[in-house]
Structure formats: C-alpha cells, structure tokens
Amino acid sequence: MQRFILSKKNQITLISATLIVVAFISHFGLGNIDISIWSLIIASLLGVAPIVIQAYQALKVKVVSIDVLVTIAVLGAFIIKNYEESAIVTFLFLFGAYLEQRTLNQTRSAIKELTEMAPESALKQMENGEFEEVEVDEVDVGDILLVKTGAKVPVDGTVITGEGHINEASITGESVPVGKTKDSKVYAGTILENGTLQIVADRVGEDTTFGKIIELVEEAQDSKSEAERFIDRFSKYYTPAVLIIAFIVWLVSRDIELAITILVLGCPGALVIGVPVSNVAGIGNGARNGVLLKGSEVIQFFSKVDTMAFDKTGTLTVGNPTVAETEYYGENINEALGYLASVESESDHPLAKAVLEEIGNIELSPVENTDVVKGGGIVATVNGHRIAVGNVKLMEQENVELSEKACSDIKRLEEKGNSLVLTAVDGELKILMGVRDQVRKGVKEVLQKLKALGVKNLVLLSGDNQGTVDLVARELGLTEAHGHMLPEDKSAYIEKLQAQGQIVAFVGDGVNDSPSLALADIGIAMGSGTDVAIETSDVVLMNSDFNRLPHALGLAKATASNMRQNIIIAVGVVIVLLASVFLSDWMNMSIGMLAHEASILVVILNGMRLLRYSLRK
Amino acid sequence: MQKATIQLETLTCPSCMQKIDSAVKGLDGVDKDSVKVMFNSSKVKLNFEPEKISVEEIEKAITKLGYEVKKSTVKEA
Chain A
1 MQRFILSKKN QITLISATLI VVAFISHFGL GNIDISIWSL IIASLLGVAP IVIQAYQALK
61 VKVVSIDVLV TIAVLGAFII KNYEESAIVT FLFLFGAYLE QRTLNQTRSA IKELTEMAPE
121 SALKQMENGE FEEVEVDEVD VGDILLVKTG AKVPVDGTVI TGEGHINEAS ITGESVPVGK
181 TKDSKVYAGT ILENGTLQIV ADRVGEDTTF GKIIELVEEA QDSKSEAERF IDRFSKYYTP
241 AVLIIAFIVW LVSRDIELAI TILVLGCPGA LVIGVPVSNV AGIGNGARNG VLLKGSEVIQ
301 FFSKVDTMAF DKTGTLTVGN PTVAETEYYG ENINEALGYL ASVESESDHP LAKAVLEEIG
361 NIELSPVENT DVVKGGGIVA TVNGHRIAVG NVKLMEQENV ELSEKACSDI KRLEEKGNSL
421 VLTAVDGELK ILMGVRDQVR KGVKEVLQKL KALGVKNLVL LSGDNQGTVD LVARELGLTE
481 AHGHMLPEDK SAYIEKLQAQ GQIVAFVGDG VNDSPSLALA DIGIAMGSGT DVAIETSDVV
541 LMNSDFNRLP HALGLAKATA SNMRQNIIIA VGVVIVLLAS VFLSDWMNMS IGMLAHEASI
601 LVVILNGMRL LRYSLRK
Chain B
1001 MQKATIQLET LTCPSCMQKI DSAVKGLDGV DKDSVKVMFN SSKVKLNFEP EKISVEEIEK
1061 AITKLGYEVK KSTVKEA
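Chain order of the listed sequences is A and B.
Reminder that position 531 of the first sequence reads as 531 in the working numbering, one-by-one numbering, no gaps.
Numbers given in the working numbering equal positions in the second sequence, counted from 1, plus 1000.
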C-alpha cells in the first residue's frame, strides 16, 4: 500500500491540482461553498498521503525530515479548518518535488552519458571454442573475447589476432580512430569502428581504465567540501529546531496559523541542494570536455590558485631540438643542401638529426676524407668539393668570409637561443640553420589565458640546464624558471611557495613527479589514462591535452562562484521569508511553500548553467 | 568483511540520504564508518560482516524505506 501510493505520486499531484481548480471555480464562479470545501479536503487528504508515509519512514529511523514538518503543518491547517491552505501546500510540495526530479536529472545528464558508455556485454570464447554473448560481469582476466565492428571493447586487453581501428574518445577524449594490430592494447569502453579483433582480457570491470574513470567521477560528484559537511550537520539539527520553535510560538501565542507557517518556511530545501547541484553540473561539464575534477574541495582550491608550476621543459616545449630558422646565401642552394645532408647523415650528433629532418628526402652523395673537428663540426669532401659543417668557430678556422648580412643573421639567431649550423662549400657560406627546442604550438596562448583567469605566477621547474630554461621562460613570459632541479628539489620548492601562503597547482605527467603532484594544493596530471597520474592527482587532463588547462581553471572558478550564488540565494530566501512572517501580514503557508519550492528550482536552474559553460575567446 | 555497492533508483531529495544513511547504519553487522550514501550517483557503499548480515537483508532495509534497489555487487574488502 505504502509503495503503491509513493509510486503514484505524479498522478496524485495531477488529481489534487484538478480538485483545487474545481474548488476555486465552484467557490468564486458558482458560489457553491460546499463543493469547494469538499474538493479541497479530498485534495489535501490525497496530497498528504505520500508525505505522511515519507515522514513516518523518516521518523522510524530517527530523522526529522522536511516531510515531518509539512505533515504537521497540514494537520495544523486541518485543525483550524483552513482546507485551502492545506490543499495548496501539499500540492506545491509534491509538484515542487516533481520539478526538482526533472531538473536534477538534467544536471546529472553529463555524467550519466559517461557512465552509460560502459560496456554491458561481451562475446566470450567458451570451452567448445565458440563465441557466446555473456554479461560483461562474467568476463574474467585471461578470457578470450571477440570484438566485432561497431561493438564496444568490453575490457582492457591485448589483441591476439585481427586488426581494426578504434575510437578511443571515451578514454582519451580524442576522436581520431587509432589503428590496432596484434599485441596492441585496447581499452574498455572504446569502440571498434572497423575490422574484427580477438583479445585477451587483462583487466576487467572496475579495474579497467574506464571503470576507474567512472568511479572517480562518481566519487567526485558526491564528494563534499568542508562547507557542505557543515551544512549537512547544520540541517540535521536545523529541521528539529524549526519544529521546536514552531511549537514554542504556538505555546506562547496560541496562534496555530503562525506556528504552521513557521513550519513550512523553515524547510531548508535550497540550502541542502544548492551546493551539490553546482558540483555535479560543474564536474559533468568537465567530464564532457576531457577534464576530470575530483570533487568540490578540489574545485574550491583550484578556483583560488595563485601559482601554477610546470614540471619540465618538455611540458611546454616539443622536447627535441628542431630547425627553427634557415637562411641561404648565394647560388646553388640545392646542391649545398645535398652536401649538407650527405655529411650530416654520417653523424649521430643531435643537431645533425634535426638538420636531416628539416631537409627531408634528398639525393645523397658519397662522403670522403671526413674530419671531425672537436668543438667545431665536420669537414669532408663530397663530389670533389670541400664541405665544412659546424659553428662559427669552424668557419673562422676554414677562413670562410662572413658577409654583413650573415653576421647580423648569426647574431639574431644566437639571441633567440638557437644552436647554429653553418654550411660552407669550398670556403663560401651557403646555409645557416638555427636549431632549438621549440615551444609547443598554442602553449603561449594557453599561458596568457591562465594569466587572464587570475593566475599570478607561472613557474617552470625543470631538470634541464638553466640556460635552456631561461630561454623558454623569456619566450613564454613565465614569472620564474628554475633549472637543474631533481624531483625532490621540485617538491621542496612547492613547499616553500606554500609556506609563503600561496595556493600552488603543479602540472605534471606523474611519471616521477608523484611527490610534487601529491604535495601541491592542486595536482594536475597530464595523463593519457595512466593510473598513477589519475590516482595521485586532483585534476586530470585527459589525453595530456595542455590546451584544456584554461577550460579546467575557468570551469573551476565558474563552479565555485555558482556554489556561492546558490548559498546566497538559499540563505536570502529563508531570511526574507522569516522576516516577513513577523513584519508583514501577507505571509501565509501557501506563499511560504511557493517561495520555498521556487528557490529550490532557482538554484537547480542556476547550477544547470554550468553544463553549458565554455571559456570565452 | 565484505564490501557492497548498491545501486538505487534515482535519488532526488537530499533528506532521502539521511534516511537511508540512518537506516543502514542502524543494521547490526554493518561497519558504520564505511557507509556512504552517494546522492548524485544514487549509490550506497558500505562494508559489512557476512557472518552477521547478508546483502539481501541490507537491501531489504532500504526497500522498506521506499527506495528501489536496482543492482548490488559484493566484493571482498
């Protein structure tokens, strides 16, 4: 019976709405008070039924819930024969709950989309060698599974036979399909776009990368900050306190109307729901955009970050030297390039690699009489020409004349931090190349956006030599850059910043920087689904996408301020309502309930704005 | 000690959490500190002693409050 009534809550709401309309028409339209009163009584009794059941269940486990307050208020209204109020209050309460459910489902939709991507079934090889469809829970490590085109990979595994292309967007956020052949790793929740694979299960269920991501996001959306725990404790005592206050008011004033109005006004609805709603919408937005934020505490801290530290030069730069600029002098340049490539292809110097990569495919000639000049370069004979490849010192040694333009080019490239590779053919300068470790595309813009979002200091903590680090810092406009740092130096430096009262975020890949990731107020892992990074950090940028950093920070800030707005709305409504009980004469139970339910909807709708958040250009 | 994860129908009112929380914590054999009612994902996570109580009995306590249990998984803690 109880469950039947609860399951028909929506129908009850509809019927009681109809009855209230009938009552008003018969009262004001037809002047028939009897029909009006009886409609309202039936509406009240119907409407209060599910509320009474919920109140009873709550009291059984010693919780004074909102349902208890509303039930008593409705009983009170009955005692003073105010059936209009009792009917409207129960209706508003039920209708409000219905709208709450609908809108809450909306705010949760982003995360639901994610969890619904979890695979449900798998084609498992049985003892007779045939493949049969089973529930994904029945797959154990070591089982052999068949994945067909269009199907989800059910577990983390390794390909045994077959090939195909897999869309790994659910794990990496990257939707360009990745080719898989024998011995490739495949991940649960990714989709085989073409081909057929047989895989052996390495990790199943919650142990898969996808399972871990889901668990993390689920934990995150329900994790509570200190402020929320306070609100929870507060509301635990708040509701019974409202009950006692209402009772005292009744004892003193003997005014049932006033006492039950206080009961309804005291419902803490918007306060309890406001912060979790912002939280779930913010984290949902992140999950959709390849940013995992681990809970509301993280969001609070992240939104206040002063200093962002980057773990190594490689986070900001490409990581290997490339040719940044090339200048040509005189004629027969193609010939000269061929000679340069021929000479460099015999060398294993890192600069030679960069040069060859830049030149690309070109016809090579045999190289004779190779002479490696220490600290200078190489001198050799190609096709009867004397070729010198090396730095300025080598050119001087070889008596190569440097024109005025060449001299100024050399100066300019050196200033930009390039290592120089000059090429002379028969004592005549032909090519000048500047080689350096280049800044990644888009990094500069990302850093500017971070500054615009209020990050005061951008710090590079690198193991590289100070010279390289300084150059990168200058090019990117970093606040500080420190070279020669070991992992323990980095964590010591973070401690130093924290001791100055700064809130520090550390961006790293988690490979050997786990201590710093853990120590920083906010550890941001650039993990393409690596477990260590996911576990030790507070924020995970999927697919190591540096460009998502500003979105992550902006989202954290937007979410934190959304929470504050919701708290202000909730507290404000309660204060205004309570004040108007004592200071005005228009306040009654129905208006109180209306304001109460409306404030709940307002905070939910406000939270929902976060789902659409994106960083403005 | 075993670890249970119980998936419920969608929870909508925060006071439901309080009810479920108190009801589950009140059961004998359930580790009180481990009980976690997750509002947004509508899940209950808890550790319990299988000698004293079964997961079915825990589910029943929740169903009695009027919340449908969709699925539950039990693992060694």
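These are calculated hints, taken from the structure and not from any lab test.
Fair warning: there could be bad hints in the mix.
[To be verified] Only pairs whose alpha carbons sit at most 30 Å apart, straight line, appear in this in silico DSBU-like list of lysine-lysine:
{"hint": "1", "chain 1": "A", "residue 1": "112", "chain 2": "A", "residue 2": "182"}
{"hint": "2", "chain 1": "B", "residue 1": "1036", "chain 2": "A", "residue 2": "212"}
{"hint": "3", "chain 1": "B", "residue 1": "1025", "chain 2": "B", "residue 2": "1045"}
{"hint": "4", "chain 1": "A", "residue 1": "212", "chain 2": "B", "residue 2": "1075"}
{"hint": "5", "chain 1": "A", "residue 1": "304", "chain 2": "A", "residue 2": "444"}
{"hint": "6", "chain 1": "B", "residue 1": "1070", "chain 2": "A", "residue 2": "236"}
{"hint": "7", "chain 1": "A", "residue 1": "60", "chain 2": "B", "residue 2": "1060"}
{"hint": "8", "chain 1": "B", "residue 1": "1045", "chain 2": "A", "residue 2": "8"}
Here's how the hints hold up against the structure:
For the suggested pair residue 112/A and residue 182/A, the alpha carbons sit about 33 Å apart, so the restraint of at most 30 Å is broken. The straight-line distance between the Cα atoms of residue 1036/B and residue 212/A is roughly 18 Å, inside the 30 Å bound, and the hint therefore holds. The straight-line distance between the Cα atoms of residue 1025/B and residue 1045/B is roughly 11 Å, inside the 30 Å bound, and the hint therefore holds. The hinted pair formed by residue 212/A and residue 1075/B meets the criterion: a straight-line CA distance of about 16 Å does not exceed 30 Å.
Taking the CA atoms of residue 304/A and residue 444/A, the gap is about 22 Å. The hint holds against a cut of 30 Å. As the CA atoms of residue 1070/B and residue 236/A are separated by approximately 28 Å, the hinted pair is consistent with the 30 Å bound. Taken as a hint, the residue 60/A and residue 1060/B pair is honoured in the structure, with Cα atoms around 15 Å apart against an allowance of 30 Å. Note on residue 1045/B and residue 8/A: the hinted pairing holds, with a Cα-Cα distance of about 29 Å set against a maximum of 30 Å.
Comparing the model with each numbered hint stated earlier shows that hint 1 is the single one that does not hold.
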